[in-house]
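S.K.: Read off the chains here:
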Amino acid sequence: MPNRSSIYQPEQGQGVRSMAEESVMSAGGNKNAKGGKNANGGKNANGWLGSEQRRLLIQEYGIFLAFLILVAVLSVSNEFFLTAGNISNVLLQTSINGVLAIGMTFVILTRGIDLSVGSVVALAGIVSASFVTSSATAGISGAPYPVALGLGIGLLVGIACGAISGVIVSRFSVPAFVVTLGMLSAARGMTLIYGGGRPVPALTPAFRWIGTGNILGIPAPVVILAVVFAISWWILDRTRFGRYIYAVGGNPHAARTSGINITRTQFAVYVISGGLAGLAGMLLSARTGSALPQAGIAYELDAIAAVVIGGTSLSGGVGRVTGTLIGALIIGVMNNGLDLMGIQSYYQQVLKGALIVGAVMLDQKRNYGA
Amino acid sequence: MELLLEVEGLKKSFGGVAALRDGRFQLRAGTVHALCGGNGAGKSTFLKILMGIFGRDAGSIRRRGKEVEFASPADALASGIAIIEQELSPVPHMTVAENIYLGREPKARFGGIDFRAMNRSAQKLLDDLEFDIRATQYMMNLSVAQMQLVEIAKALSHNAEVIFMDEPTSAIGEREAQHLFAAIRRLQAQGRGIVYVSHRLSEIFQIADSYTVFRDGAYVGSGALADIDRPGLIRMIVGRELSEEFAKTNTPTSEPGIEVAALSCPNKIEDISFSVRKGEIFGIYGLMGAGRTEIFNCLFGLDRPSAGSIRVDGTEVSIAKPADAMAHGLALVTEDRKLTGLNLADSVRANICMASLPEMSPAFTMDRAREADASRGMREKFQIKAARDTMPVSGLSGGNQQKVVLGKWFLRNPKVLLLDEPTRGVDVGAKREIYRIISDFASSGGTVVMISSEIDEVLGMSDRIMVMRAGRSAGTFRREETDAQSLVHLST
Chain W
1 MPNRSSIYQP EQGQGVRSMA EESVMSAGGN KNAKGGKNAN GGKNANGWLG
51 SEQRRLLIQE YGIFLAFLIL VAVLSVSNEF FLTAGNISNV LLQTSINGVL
101 AIGMTFVILT RGIDLSVGSV VALAGIVSAS FVTSSATAGI SGAPYPVALG
151 LGIGLLVGIA CGAISGVIVS RFSVPAFVVT LGMLSAARGM TLIYGGGRPV
201 PALTPAFRWI GTGNILGIPA PVVILAVVFA ISWWILDRTR FGRYIYAVGG
251 NPHAARTSGI NITRTQFAVY VISGGLAGLA GMLLSARTGS ALPQAGIAYE
301 LDAIAAVVIG GTSLSGGVGR VTGTLIGALI IGVMNNGLDL MGIQSYYQQV
351 LKGALIVGAV MLDQKRNYGA
Chain H
1001 MELLLEVEGL KKSFGGVAAL RDGRFQLRAG TVHALCGGNG AGKSTFLKIL
1051 MGIFGRDAGS IRRRGKEVEF ASPADALASG IAIIEQELSP VPHMTVAENI
1101 YLGREPKARF GGIDFRAMNR SAQKLLDDLE FDIRATQYMM NLSVAQMQLV
1151 EIAKALSHNA EVIFMDEPTS AIGEREAQHL FAAIRRLQAQ GRGIVYVSHR
1201 LSEIFQIADS YTVFRDGAYV GSGALADIDR PGLIRMIVGR ELSEEFAKTN
1251 TPTSEPGIEV AALSCPNKIE DISFSVRKGE IFGIYGLMGA GRTEIFNCLF
1301 GLDRPSAGSI RVDGTEVSIA KPADAMAHGL ALVTEDRKLT GLNLADSVRA
1351 NICMASLPEM SPAFTMDRAR EADASRGMRE KFQIKAARDT MPVSGLSGGN
1401 QQKVVLGKWF LRNPKVLLLD EPTRGVDVGA KREIYRIISD FASSGGTVVM
1451 ISSEIDEVLG MSDRIMVMRA GRSAGTFRRE ETDAQSLVHL ST
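Protein chains in written order, with my numbering: chain W, 1 to 370; chain H, 1001 to 1492.
It should be emphasised that the hints constitute simulated quantities derived from the structure, not laboratory data. One or more hints might be untrue.
Some chain W residues near chain H, calculated using beta-carbon distances under 8 Å [unchecked claim]: (1) Arg243; (2) Tyr244; (3) Ser258.
Which chain W residues stay away from chain H? Per the calculated CB distances, all over 10 Å, these [stated by the list, open to error]: (4) Met190; (5) Ile193; (6) Ala254; (7) Ile260; (8) Ala354; (9) Ile356; (10) Met361.
Predicted, not measured: the structure shown is a model, and the values here were computed from it. Built from N, CA and C at the ideal position, the CB exists for glycine as well.
Given only the sequences and the hints, what does the whole structure look like? Please build it.
M.R.: Following this line, the structure appears as structure tokens:
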């Protein structure tokens, strides 16, 4: 996969790439001397990183460095930033967007987009809540049911929404933007219909645990994010399905000719995104203790932002879920840092906008720049 | 005599690596000059400098004896140098005339465009060139060959004195090529200088009168084509002696490999029947749009035939999708490796493994050691030149990219190899290696069906040749009983 290479692989640079085109002469058997030189060309005689390698280091791990710099600046400028309580808080704030952004990564890697996740958050949140509320009026008859049932229902609602979008995108070739825009509206509407526009309060403590509990002192949502991340990384990096996703996103025609089932691959990524949106919806309602019909509005934008900041290409086939996680953390840390500095949330939005565009500008420069 | 263009000591490096070390070139008025070289010889860099896209590091460019400096393509055009690029860039939803005069439309009152004047002058331009195209047609309704001709008309509308043509025939058929050559002859007669860049040596010998060869980013030699023969030119391009151009060692057996009977697909192909034996190389020759690729699409499950049967190894098979074809031992090397062959965003290794993913992941998880082994094996087998196999496949030369596509399919040990223009855009040396691979495959009992619009290739490699015309077969011939003239004749 691209971008997975170590820093000792200078082919990623543009200058070097054109060199490879120009120098790899296919005719002779002895023409690749330059390629060999290229392999260790980055190292200086004294063993320290050469300018070329420094550039590649920045390209490859630029987003991680940016994150570290951001953390360093904030920890110096604010004494509260690096406290255990605040770190835990940032991670908690990031967990929901992180889960959504990871699902979004699957979709964007196949050249798609899922605009519906914010609405699915609300729908899955309110439907699952109606199974685990102790309120006599807001729940369905017989509630509260066991937590496992509530969780299962919430996941199913998300998966169903994703499956509907997935079928229409993959089978009927309707652009994902349009399909998921439709789902964004429809799922919000269904949320309001289902709950009569009212919130579902008084969720059972057992259910609330997934949003408020701790495992070895780590907040449960953070642990859930970590598990989701680990499984997703494994799928994308280590499994056949992951290879399919990169192939379909990189070149659907070539993937099809190579015998890959594009329809099934596309369908699956929307199901994953929907399922994770369902999970995120339950994390949100569990944390606040009640499911609100207006929950999750504009969450899709933060999720897309995290994916994009993390270096995944909107044109598909390039990107990693590690980048997405860091992208989500950058957004979380930035919001938190600006809060700590007492900067109004209005300004935070402007800064976030600049960050998104800036990250993609850097990416463009790296991929196509002079 | 004053030279239209004289280039000396042109240098250009990217990130410290020289792409062009010593570009030298001389063009006289009224000549067609072939610029030759393998992939990576520095031709494209040379062209891009002359187009004003790249700056130069050193060297001089003299236009009619005067030193010139191009900061942009507009500068180059202004000094009378036009380039017809290999990759066309038409605006599909505009007319031919609008495309020709894009950005310099004749003005009418109130800042509008004088469409009548524009259409008139565009039509005159096309008529003068004897191109059978209406200026008011939409670009998207033209064939690739016609778009190519429009590009030429556009270049000429600038009144350019020096015209570079970069692989102008790579996307057009034999007949259109002859049309193009006639146009080149007329330009030559008007005293313009044409620089013709192509991998197809037969074309070079047909159209050009002088040549310049680049190799490894430097000038190697130049002269009149009358003073050099084909092996001599190949020797200069490749830098060493090549034995016979077409390696052909296979002998057809009597066992059937693939048999196609009465295959039809509405508006594409009709009643196509042929039978290829194991160990045989079966050529399909025809013009663009004659239905050649469509046969492969039906055989490989990319398109649904409306009638006909396919037998592999004597057994009738039903193929609804590429995976079915692959399960029956078919492999398809498509016509355009960038569009349908490779995932350019991904690595050499991932591309080699792309058609074998289920085999390499018996329990869903990829067997990464097997991926690495497979990739190493194919790189060694086909001598794919890549610094390492985790580099993006987009960084490889055309010939090596094509070998990656071949490697992807050979990894599956196919029984039947369907090759669609297997050497398109590949240099002479890599072409020979690909011919060797095809021939070895057939020698070891494989069945090969090869589409090609290069006459030499079809005649040099095939045991039998089917000619396609307008979606139908115009006959099948043994290689001994046919020649270039009759193939071209039958295909038109």
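S.K.: Against each hint, give a clear statement of whether it holds in the structure.
M.R.: Now the hints, each set against the structure:
{"no.": "1", "hint": "Arg243", "verdict": "5 Å, holds"}
{"no.": "2", "hint": "Tyr244", "verdict": "7 Å, holds"}
{"no.": "3", "hint": "Ser258", "verdict": "4 Å, holds"}
{"no.": "4", "hint": "Met190", "verdict": "34 Å, holds"}
{"no.": "5", "hint": "Ile193", "verdict": "39 Å, holds"}
{"no.": "6", "hint": "Ala254", "verdict": "5 Å, violated"}
{"no.": "7", "hint": "Ile260", "verdict": "7 Å, violated"}
{"no.": "8", "hint": "Ala354", "verdict": "27 Å, holds"}
{"no.": "9", "hint": "Ile356", "verdict": "22 Å, holds"}
{"no.": "10", "hint": "Met361", "verdict": "20 Å, holds"}
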